[in-house]
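Those protein sequence lines, which keep their order, are chains A and B. Counting from 1, one number per residue, gives the positions in the first sequence under my numbering. Counting from 1001, one number per residue, gives the positions in the second sequence under my numbering.
Calculated from the structure, these hints are not laboratory results. Keep in mind that a hint or two might mislead.
Mimicking DSBU-like on lysine-lysine, the simulated pairs with C-alpha atoms at most 30 Å apart in a straight line are [what the hints assert, rightly or not]: (1) B/K1345 - A/K13; (2) B/K1222 - A/K104; (3) B/K1003 - B/K1345; (4) B/K1350 - B/K1122; (5) B/K1003 - A/K13.
Some chain A residues judged to face chain B by a derived CB distance under 8 Å, without partners named [to be verified]: (6) V23; (7) R49; (8) L66; (9) L69; (10) I80; (11) H83; (12) A108.
Beta carbons: idealized from backbone N, C-alpha and C, even for Gly.
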Amino acid sequence: MLMVLAALLIVFKIVFYNESLLVVGRTVLGFFWLFILPGYTLMLFWRERLDFLERLVLGTAVAVALISLTSYYLTLGGLINVHWQWIVLPLVIELTCGIILWYKNRQA
Amino acid sequence: MEKERLAEGALLFAVFGILLWIGLGAYYGHQLDSSFPKGFMATDSFYKYDRAVSLDEAGNNRYVPSYLTGGIKGLEEVYPFASFHNIVLFKDASGLELYNSQYLLNVLYVILAGLLMYTLIKRYNQKIALLSLGIYGFLFIGNFNIGFLYGWWPQIMGSLLLVGMLWIAVFWEQPGFPFLFAILAASAFLAHPPEGMMGGAFAAVIILVDLVKNKFSFRIIKRSLWAFLLFILLVAYYLPIVISDDLVNSTGSFSFSPKESTFPAPMFSHLGWYGWLVLAGIIITLIILINKKGENWKFFAPAFFMGVVTYSALIGINERVYQNRFFWPIYFAIFFGLGLYMAIKYLPAKITRFLWYGIPVILLLISLVYYFQPPAGSGLIANEEMWEGIGWVRENVPTEEKVLIFYGDSYNQNGIYSAFGHIVYYNNWNYYLNNIGYDLSESLAKIQKGEVAENYTSRPFIHHQTLPKRISLFKLEYVDLWKELGLNYEKVDGKGRGFEPRSICGFDYVVFDKKSQIPQFAEYNMKVWGELLKNNFVTEAFSNDWYSILKNEKPGEGCIKNGK
């Protein structure tokens, strides 16, 4: 995953060569943190059926769906301020998936 | 094997880079954070953007901002909202301006959808998958790019999720996939309902065929029902709005007569000579499917299904399906790859393994050189100064104070008034120029005579006609905004839609554009501006090269000498 992050940084910096490294770095990290990482973590449940690329790409699409859905209902219910959700939601998804996977692996 | 994986990775990042370059880099001057919104070329661009703004500012999505409803509060948003959440969250995560977050995120959605289709085709045949990448340049070329300029962000996100749903449905028998399908379908439905419904219809076809093949297996029925129930649960809150007449009426019509597109829709000919390879691929696919008795039909099913859907307007299903043609290069990628694969396979020269990785890049570059042009101009927000003036009104004018906007070139797409973040009134000369029948001849006569008057025919900017109030969790009551505000929406005797003669002296602020492509209008604006400034209770509150905004300290007092 670190290779993916590094490659994204390089591609973004080449395409947006007039932009500062700071803005490019934060943008790539933002996308990686918000969609790629939680999606990939969730797709680890299917690691025997999907290859790395499938987990990466399908996972990101599923994260796009999951983040928007949870944000929609959390905001509707006034549960978490929308401006904190970019930190909280990926973290909760990653921790929840991580704990379940760890527990499943231990049992196996 | 390792070498091939590296080559594939390098190719995919190269394709990603090329698509990012033509999707945003070239238009944005290879920057990420533009100082004003680019590409806002239609009224929808502003309406959609305003929903993200209102979520960002209010921190919730419960009610429509009162500046869009003539001041009425507590009315429910009818437009599906999920896509705007991601835009706001990505803005917070990336630190980009909201409008830049919106544009970039949607470019990434399109590229992601392309990569997703690549992984699906790869399961059928890797060489065809590699070649199929060569058509993706068209995603950002000509009419295929219209969704970005018309601000159809929810539709773009819905389309990404639709590709995800097609992917999952093809492998419906995999454990846990119906659960993923329900999440994708619910989010698509809450972003842009048609894509959710299309994905559902495709899954239904796959499930039905599986059921027939598996003698109505209880396992398939159970899994499908679970997915459906989870979907219903996830969209339950929004469902009453979708099934209400108002939204259905606003999303096109169903009648069995051919429908024309209401926007410059992509046509098959727009694929240029790449389209011939797609056609060849369709014919070859049919031959293969017939010869092999339908083996691997599921890999081709998404392309055939979306082909039928995107042409269904011709038999009158719904004109909105023209929007789904934006993703043709993705849906038809398998046909393109197969057509090209067959053409290459019978070449006398030997194709080395690594040439398969080079061909899609060459094809992408050819499409870029021959067909690609970045969108012309920055859009209806002409420059940073115009955006600064709009922002000044949004941030500095108290909510209860009335603002009148005089003539400006960009206001022919009236969604732009939502950007002011206030109940603004406007003298929209374009209604007369476009000759749609509202009687504003009086106002135009004033310009022609160069006469500065006190009364102008103006109207308040109200986005909706009716909006719901939620009485209980699943019960809505619709409010007619225009009736509630005592305004006349219907056109009667050549007047209506709230157009009435109103005194220019009754407003707290008057906004003047200093520049116009029609110099007479700009001159006239400045003439009225000069007359107002003759009063000692009128001062210039904001000024730059684009705007002058006047503040009237005594609204209601006479401000135009000898005015009518």
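Straight-line Cα separation of B/K1350 and B/K1122 no greater than 30 Å?
-> Holds: B/K1350 and B/K1122 sit about 22 Å apart, inside 30 Å.
Mind checking the CB of A/L66 against every CB in chain B and telling me if the closest is under 8 Å?
-> 6 Å, holds
Restraint outcome when A/L69 is required to lie within 8 Å of chain B by C-beta distance | 5 Å, holds
Hint status (Cβ of A/I80 to nearest Cβ of chain B, threshold 8 Å) | Where the cut-off is 8 Å and the nearest Cβ of chain B is about 10 Å from A/I80, the hint is violated.
Measuring from the C-beta of A/A108 to each C-beta in chain B, is the shortest one below 8 Å?
-> Violated. Min distance 15 Å.
Take the C-alpha atoms of B/K1345 and A/K13, compute the straight-line distance between them, and say whether it is at most 30 Å.
-> 37 Å, violated
When you check the alpha-carbon spacing of B/K1003 and B/K1345, does it fall within 30 Å?
-> Holds, at about 23 Å.
Hint consistency between B/K1003 and A/K13 [alpha-carbon to alpha-carbon, up to 30 Å] = 26 Å, holds
Given A/R49 was flagged as interface, is its beta-carbon under 8 Å from a beta-carbon of chain B?
-> 6 Å, holds
Are A/V23 and chain B close enough, Cβ to Cβ, to be under 8 Å, as the hint says?
-> 5 Å, holds
Holds or violated: are the alpha carbons of B/K1222 and A/K104 at most 30 Å from each other?
-> Holds, at roughly 25 Å.
Can the hint on A/H83 be confirmed by a CB-to-CB distance to chain B that is less than 8 Å?
-> Holds, about 6 Å.
Hint compliance for this structure: hints 1, 10 and 12 are not met, and every other hint is.
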